[in-house]
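Engineer: One letter stands for each residue in the lines below.
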Amino acid sequence: MDINVRKRSEVQVVQLRGPLRMGSAVDGLRQTMEEALGNGDIRMVLNLAEVSMIDSSAIGLLVRFLASTKQRGGNIKLVQPNKFAVQTLRLVGVLNLFEIFDNDDAAVESFA
Amino acid sequence: MSPMSPEFSSGPEDATLSELLDRSMPADAEAIGAVVDTISDTLTRLDVPEQKRFEVALAVQEALANAVVHGCGNDPSKQVRCQVKSAPNGRIVIIVTDPGPGFRPDQVADPMERDNLNADHGRGVFLIRQLMDEVHFERSGNEIRMWKY
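From first to last, the protein sequence lines stand for chains A and B.
FYI, the numbering for the first sequence is 0 to 111, going by numbering that gives the first Met the number 0.
FYI, the numbering for the second sequence is 0 to 148, going by numbering that gives the first Met the number 0.
I should point out that these hints are in silico values taken from the structure, not numbers from a laboratory.
A portion of the hints provided could be inaccurate.
Within a straight-line C-alpha distance of at most 20 Å, the following computed SDA-like cross-link-like pairs (lysine to any residue) qualify [as the list claims (entries may be wrong)]:
1) B:Lys51 with A:Pro80
2) B:Lys51 with A:Asn74
3) B:Lys147 with A:Gln86
4) B:Lys51 with A:Asn81
5) B:Lys84 with B:Ser39
6) A:Lys82 with B:Val47
7) B:Lys51 with A:Val85
8) A:Lys82 with B:Ala30
9) A:Lys82 with B:Thr43
10) B:Lys51 with A:Gly72
11) B:Lys51 with A:Phe83
12) A:Lys6 with A:Gly72
13) A:Lys82 with B:Lys51
14) B:Lys77 with A:Gly22
15) A:Lys6 with A:Ser51
16) B:Lys51 with A:Gly22
17) A:Lys82 with B:Asp36
18) A:Lys82 with B:Ser39
19) B:Lys147 with B:His135
20) A:Lys82 with B:Lys84
21) B:Lys51 with A:Gln86
22) A:Lys82 with B:Ser17
23) B:Lys147 with A:Phe83
24) B:Lys84 with B:Glu29
25) A:Lys82 with B:Pro48
26) B:Lys147 with A:Leu90
27) A:Lys82 with B:Gln129
28) B:Lys77 with B:Ala30
Bear in mind the structure is a predicted one, so any value in this text is a computation, not a measurement.
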């Protein structure tokens, strides 16, 4: 999985490409998010437009870091999850925990 | 629950099943993707609809992940077996087997319960049951058979 991180208006925008599943993909995202939190970056946007699949380990990671950021007054927001990612999130009952946007700009602006 | 419970019973039998795949992989998370992708490609060649392909692929991902982590303790010296079979009527069965001690599927916590919604693990079996039409655990839980109609 490719992970690209950039900062916009005090928001970490994380662009992901590939299947987000157990193994190096989830480990890489975990490391990215741990580093961000360690740096005090509690506002994150995950762009999932090019993520073909998310599995339960990825969902566990997202839910855990969502709780961590919210506890510190931040949030993790999702951009363009595909229909299968949405289905997966809905099936395990966590879709409504996340705010979802059509593009990075809208997600970043929502933190204002 | 005893081993004779419905959870451990065999699923529907079909003498006309054709074998599509029979593969063993090391119990390594990095080995799962190749098997899932191969199954997805096979189903594409069989003109299985996209939605059905996605649901099978994700269920296989979850079953293999459980086998690697819980069945084999992430020990790459151990092997996980994955078989895919199809019936003339289009039904597909996936069989994942690991050498572990098995488990009690009835003792898996419900991830939809309020206290578990924010948990960072424990959704794999539940997700498999949502995605596939029939799920049966055999051999004390170290073999899962998943049917997609």
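Engineer: For each hint, tell me whether it holds in the structure or not.
Structural biologist: Hints versus structure:
For the proposed pair B:Lys51 and A:Pro80, the alpha carbon gap of about 19 Å is at most 20 Å, so the pair holds. Restraint check for B:Lys51 and A:Asn74: the C-alpha separation of about 33 Å exceeds 20 Å, so the hint is violated. A distance of roughly 17 Å separates the Cα atoms of B:Lys147 and A:Gln86; the hinted pair therefore holds under the 20 Å criterion. Straight-line distance between C-alpha atoms of B:Lys51 and A:Asn81 comes to about 16 Å, which keeps the hinted pair within the 20 Å bound.
For the proposed pair B:Lys84 and B:Ser39, the alpha carbon gap of about 13 Å is at most 20 Å, so the pair holds. Our distance criterion of 20 Å between C-alpha atoms is met by A:Lys82 and B:Val47, whose separation comes to about 18 Å. The straight-line distance between the Cα atoms of B:Lys51 and A:Val85 is roughly 15 Å, inside the 20 Å bound, and the hint therefore holds. For the given pair, A:Lys82 sits about 26 Å from B:Ala30 by alpha-carbon distance, which is inconsistent with the 20 Å threshold.
Of the supplied pair hints, the one linking A:Lys82 and B:Thr43 holds, its CA atoms being roughly 18 Å apart against a limit of 20 Å. Of the supplied pair hints, the one linking B:Lys51 and A:Gly72 is violated, its CA atoms being roughly 40 Å apart against a limit of 20 Å. Straight-line distance between C-alpha atoms of B:Lys51 and A:Phe83 comes to about 11 Å, which keeps the hinted pair within the 20 Å bound. As the CA atoms of A:Lys6 and A:Gly72 are separated by approximately 18 Å, the hinted pair is consistent with the 20 Å bound.
At most 20 Å may separate the alpha-carbon atoms for a hinted pair to count; A:Lys82 and B:Lys51 meet this at roughly 13 Å. At roughly 17 Å between alpha-carbon atoms, B:Lys77 and A:Gly22 fall within 20 Å of each other, so this suggested pair holds. The straight-line distance between the Cα atoms of A:Lys6 and A:Ser51 is roughly 24 Å, outside the 20 Å bound, and the hint therefore fails. As the CA atoms of B:Lys51 and A:Gly22 are separated by approximately 24 Å, the hinted pair breaks the 20 Å bound.
Of the pairs offered as hints, the one joining A:Lys82 and B:Asp36 holds, with about 19 Å between alpha carbons and a cut-off of 20 Å not exceeded. For the suggested pair A:Lys82 and B:Ser39, the alpha carbons sit about 17 Å apart, so the restraint of at most 20 Å is met. With a CA separation close to 12 Å, the supplied pair B:Lys147 and B:His135 stays within the 20 Å bound. Between the alpha carbons of A:Lys82 and B:Lys84 the distance comes to roughly 27 Å, so the proposed pair goes past 20 Å and is violated.
Using a Cα cut-off of 20 Å, the hinted pair B:Lys51 and A:Gln86 holds, with the two alpha carbons roughly 13 Å apart. Taking the CA atoms of A:Lys82 and B:Ser17, the gap is near 31 Å; set against the 20 Å cutoff, the hint is violated. This hinted pair checks out: B:Lys147 and A:Phe83 have alpha carbons roughly 17 Å apart, not beyond 20 Å. In summary, the hint linking B:Lys84 to B:Glu29 is not supported, as the alpha carbons are separated by about 24 Å, beyond the 20 Å threshold.
Simply put, A:Lys82 and B:Pro48 have alpha-carbon atoms about 15 Å apart, close enough for the 20 Å limit, and the pair holds. A distance of roughly 17 Å separates the Cα atoms of B:Lys147 and A:Leu90; the hinted pair therefore holds under the 20 Å criterion. Annotation: proposed proximity of A:Lys82 to B:Gln129 holds, straight-line Cα distance about 16 Å (limit 20 Å). A distance of roughly 12 Å separates the Cα atoms of B:Lys77 and B:Ala30; the hinted pair therefore holds under the 20 Å criterion.
Checked against the numbered hints above, the structure breaks hints 2, 8, 10, 15, 16, 20, 22 and 24 and satisfies the rest.
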